[in-house]
Amino acid sequence: MEKRNKTTLSGKHFLSGDLACAEGAIAAGCRFFGGYPITPATEIAERMARRLPEVDGVYIQMEDEIGSIAAVIGASYTGKKAMTATSGPGFSLMQENIGLAVMTEAPLVIVNIMRGGPSTGQPTMPGQQDVMQARWGSHGDYEIIAIAPSSVQEMFDLTIECFNLAETYRVPVLLLADEIIGHMWEKVEIPPREEITIINRKKPKAQPKEYKPFKPAKNLVPPMACFGEGYRFHATGLTHDEDGKPQTVSVEEQNKLVKRLCDKIRKNAEDIIKVEEVTLEDAEVAVIAYGITSRAALSAVRKARKKKIKAGLLRLITIWPFPGKLVAEIAGKVKAIIVPEMNYGQLVREVERAAKTTPVFLLSKLGEEPHRPAEIVSAIEEVLK
Amino acid sequence: MKESDLMLRHPLAAYLRQERMPHIWCEGCGNGVLLNSFFEALDKLKLDLDKVVVVSGIGCIGRAAGYVNVDSFHTTHGRAIPFATGVKLANPELEVVVISGDGDLFAIGGNHFIHAARRNVDIKVICANNFNYGMTGGQYGPTTPLGSWTTTTPYGSIEHPFNLVHLAAASGAVYVARWTTLQVRKLTDSIKKALGKEGFSFVEVISPCPEIYDRYNKLGTAVEVMKWFKLISQTQHGCTPENAEISKRQIIIGEFVDIKKPSYGRLLREMTTRVKESFQEKKAK
Ligand SMILES: Cc1ncc(C[n+]2csc(CCOP(=O)(O)OP(=O)(O)O)c2C)c(N)n1
Ligand SMILES: [Mg+2]
Numbered sequence: 033m034e035k036r037n038k039t040t041l042s043g044k045h046f047l048s049g050d051l052a053c054a055e056g057a058i059a060a061g062c063r064f065f066g067g068y069p070i071t072p073a074t075e076i077a078e079r080m081a082r083r084l085p086e087v088d089g090v091y092i093q094m095e096d097e098i099g100s101i102a103a104v105i106g107a108s109y110t111g112k113k114a115m116t117a118t119s120g121p122g123f124s125l126m127q128e129n130i131g132l133a134v135m136t137e138a139p140l141v142i143v144n145i146m147r148g149g150p151s152t153g154q155p156t157m158p159g160q161q162d163v164m165q166a167r168w169g170s171h172g173d174y175e176i177i178a179i180a181p182s183s184v185q186e187m188f189d190l191t192i193e194c195f196n197l198a199e200t201y202r203v204p205v206l207l208l209a210d211e212i213i214g215h216m217w218e219k220v221e222i223p224p225r226e227e228i229t230i231i232n233r234k235k236p237k238a239q240p241k242e243y244k245p246f247k248p249a250k251n252l253v254p255p256m257a258c259f260g261e262g263y264r265f266h267a268t269g270l271t272h273d274e275d276g277k278p279q280t281v282s283v284e285e286q287n288k289l290v291k292r293l294c295d296k297i298r299k300n301a302e303d304i305i306k307v308e309e310v311t312l313e314d315a316e317v318a319v320i321a322y323g324i325t326s327r328a329a330l331s332a333v334r335k336a337r338k339k340k341i342k343a344g345l346l347r348l349i350t351i352w353p354f355p356g357k358l359v360a361e362i363a364g365k366v367k368a369i370i371v372p373e374m375n376y377g378q379l380v381r382e383v384e385r386a387a388k389t390t391p392v393f394l395l396s397k398l399g400e401e402p403h404r405p406a407e408i409v410s411a412i413e414e415v416l417k
Numbered sequence: 016m017k018e019s020d021l022m023l024r025h026p027l028a029a030y031l032r033q034e035r036m037p038h039i040w041c042e043g044c045g046n047g048v049l050l051n052s053f054f055e056a057l058d059k060l061k062l063d064l065d066k067v068v069v070v071s072g073i074g075c076i077g078r079a080a081g082y083v084n085v086d087s088f089h090t091t092h093g094r095a096i097p098f099a100t101g102v103k104l105a106n107p108e109l110e111v112v113v114i115s116g117d118g119d120l121f122a123i124g125g126n127h128f129i130h131a132a133r134r135n136v137d138i139k140v141i142c143a144n145n146f147n148y149g150m151t152g153g154q155y156g157p158t159t160p161l162g163s164w165t166t167t168t169p170y171g172s173i174e175h176p177f178n179l180v181h182l183a184a185a186s187g188a189v190y191v192a193r194w195t196t197l198q199v200r201k202l203t204d205s206i207k208k209a210l211g212k213e214g215f216s217f218v219e220v221i222s223p224c225p226e227i228y229d230r231y232n233k234l235g236t237a238v239e240v241m242k243w244f245k246l247i248s249q250t251q252h253g254c255t256p257e258n259a260e261i262s263k264r265q266i267i268i269g270e271f272v273d274i275k276k277p278s279y280g281r282l283l284r285e286m287t288t289r290v291k292e293s294f295q296e297k298k299a300k
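Just so you know, the protein sequences line up as chains A and B, in that order. Each residue of the first sequence is one higher than the last, beginning at 33 in the numbering used here. Each residue of the second sequence is one higher than the last, beginning at 16 in the numbering used here.
To be clear, the hints were calculated from the coordinates, so they are not data collected in a lab. Quick reminder that beta carbons are idealized off the backbone N, C-alpha and C, glycines included. Incorrect hints may appear among the rest.
Derived DSSO-like pairs: lysine-lysine, alpha-carbon spacing no greater than 27 Å straight-line [unchecked claim]:
id, chain 1, residue 1, chain 2, residue 2
1, B, Lys297, A, Lys241
2, B, Lys297, A, Lys237
3, A, Lys365, A, Lys299
4, A, Lys244, B, Lys297
5, A, Lys234, A, Lys219
6, B, Lys297, A, Lys44
7, A, Lys247, B, Lys66
8, A, Lys306, A, Lys237
Listed next, with one range per pair, are the computed distances between beta-carbon atoms [claimed, not checked]:
id, chain 1, residue 1, chain 2, residue 2, range
9, B, His25, A, Asn287, 49 to 55 Å
10, A, Glu284, B, His25, 28 to 34 Å
11, A, Pro224, B, His25, 44 to 50 Å
12, A, Gly153, B, Ala29, 18 to 24 Å
13, B, Ile247, A, Lys291, 20 to 26 Å
14, B, Gln33, A, Asp173, 53 to 59 Å
15, B, Arg230, A, Arg82, 43 to 49 Å
16, B, Ala29, A, Thr229, 41 to 47 Å
17, B, Arg230, A, Thr156, 52 to 58 Å
18, B, Thr151, A, Thr311, 57 to 63 Å
19, B, Lys300, A, Asp173, 54 to 60 Å
20, A, Pro150, B, His175, 56 to 62 Å
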């Protein structure tokens, strides 16, 4: 293990994606981790178990992933920044309480290092098979933020971004990485602490007597009091009014709450969404990719350009909310869109929805091998024929 | 006099979210007695209510969290204990109490219960045991006695129930007691004691369910059930939890476990202090 003598790391480090994620969390101010070991996310838990006590944080290994996410919600309600990390099977177990976190507006981060599914699937192999589960895994209508890192550096940077988004919008935020990114070792440059942007949740200005725990501010996000601060408020997974009072049969309250919970993401989508655009201006073919796949896609687009083929890349850093408007604009300008994914066709559906009549081609991969640039180049050539 | 005036004058009114009344519980239900004992215990201990957190799961008794005038959270079914664990570890200053049902804590949430007890997490768990799933209309659960009638045991239950105090003791709880809603003073004392203990404490409250379970099993009206509790309750402090039986003939009540053991929070703080000290030394070098 490399030498550490600072609360948060800075400078150049050689880290795996999982370790960079843990360091990013600590840099973001995460001081509570509740988890349950699972390949390929275990190293995040191991790093947190070692690091958190050094910074006065709490690591607890819960009895399962249901307990993990429940404990993380509890910790979040005391004002601590809290996270858990898992993979497919554990992510499935968390779904009900992801809905609870959405409903009670608990800021927290869930890392899912995706492996091959369904079920126990291929524990040590990569996948991007939880993309739709990330969006729709819990019951009811809701919106979620999910972010897909494509390098070890981004495992650090985007973990911080996840915490910042969670705190800004009072939502659970998902970091959706894959086994390759989680286990890959790369150089990470960590800026000095003062240069890292850290966002903390807004506290209420109202006096405890006047405080309404679910009364939104202008951006639709309610300021958050924490347990033990004297506000004496109640939160519930039941549909509730601004007071937090259960409203189990009111049509009006159901509409008001569900729409606000969705709209605080939908209406702020432009601020949330991050993408990277590469040579799309004059492109005839667009490749839309995320995570590990986007690295091969970038290389393919550059190779195609060398061959004088007008190819461009839209790399999705934010997967959810989906940048549908941008995809529609791109679709209006190109002849075809290619979506390489390590699944049997998930985000491609969302691209198709946005692309309308522009042809969209799925380049599917299942199992160990990620896409090779050459395969994507061939696909680009093929669709232009 | 209006009902609300009466409530305002009740000595424990400050503990209740009065604007949330009327509650959802049936007439004769034991949940109100449990809550009253809890309030009484808080009152006697003069705890700072700003530092008390009540967590419930889902069920009739799960609504308790919404009625208490302290910070409170109504989690998903079965998850009150892990939520409470997160709260307590993240802010050890808080007094964290879980109030939930037999189904919530011992069926869907059973695994969390035994592990929180094993870790000796410093939370207090009060269980309203009404021998069935009241909220969903009276199905059998993990404490339903063998042979009892419920909507899903139309031929009588063929499952052996848990003895909750035995389970709690075997899992590592430092304080374990059982009372029925008849022994309110003893119950209040036990809750008081549980709140004062370091570590995982468990109080089981045998509670009437006059509209559902008691009706299916022809146990009579709420008053008759209380009379029956009186008849068959037998105090046996220190009784081996395994032998603390609940049957048609007798309900053994009392304090069964009262031991000392370092809580998870204490061990965590000790470890963190050790780690931080050596970390600071490394830093200084
Ligand atoms: C995951 C899940 N499964 C089932 C239910 C339905 N449900 C609600 S309350 C309950 C049983 C509650 O029983 P208990 O904990 O004994 O509380 P009581 O209602 O008897 O007070 C069930 C099964 C649910 N809400 N969530
Ligand atoms: Mg019950």
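| task | Measure nothing beyond the straight line between the CA atoms of A:Lys234 and A:Lys219; if it is 27 Å or shorter, mark the hint as holding. | result | Violated, because 34 Å separates the two Cα atoms, which is more than 27 Å.
| task | For the pair we were handed, A:Lys244 and B:Lys297, check the Cα-Cα distance against 27 Å. | result | Violated: A:Lys244 and B:Lys297 sit about 46 Å apart, past 27 Å.
| message | A range of 57 to 63 Å was offered for this pair. Does it hold for the Cβ distance of B:Thr151 and A:Thr311? | response | Since the Cβ atoms of B:Thr151 and A:Thr311 sit about 59 Å apart, the hinted range of 57 to 63 Å holds.
| Given the hint that A:Lys365 pairs with A:Lys299, does the C-alpha gap stay at or below 27 Å? | Distance of about 26 Å is within 27 Å: holds.
| said: Range first: 43 to 49 Å. Now tell me if the beta carbons of B:Arg230 and A:Arg82 are that far apart. | reply: violated (56 Å)
| query | Is the straight-line distance between the alpha-carbon of B:Lys297 and that of A:Lys237 27 Å or less? | reply | It is violated: about 41 Å lies between the C-alpha atoms, which goes past 27 Å.
| request: With a cut-off of 27 Å on the C-alpha distance, tell me whether A:Lys306 and A:Lys237 pass. | output: violated (31 Å)
| request: Take a look at whether the Cβ-Cβ distance between B:Lys300 and A:Asp173 falls inside 54 to 60 Å. | output: Holds, at about 55 Å.
| query | Regarding the pair B:Lys297 and A:Lys241, is the alpha-carbon distance no greater than 27 Å? | reply | Given that 27 Å is the threshold and the Cα spacing comes to 47 Å, the pair is violated.
| Does 53 to 59 Å hold as the CB distance between B:Gln33 and A:Asp173, or does it fail? | violated (33 Å)
| field | Assessment of proposed distance window 52 to 58 Å (beta carbons of B:Arg230, A:Thr156) | value | Hint holds: Cβ distance 56 Å, inside 52 to 58 Å.
| request: Check the following: the C-beta atoms of A:Gly153 and B:Ala29 are separated by a distance inside 18 to 24 Å. | output: At roughly 54 Å between Cβ atoms, B:Ala29 and A:Gly153 fall outside 18 to 24 Å, so the hint is violated.
The structure is inconsistent with the numbered hints 1, 2, 4, 5, 8, 9, 11, 12, 13, 14, 15, 20, although it conforms to all the rest.
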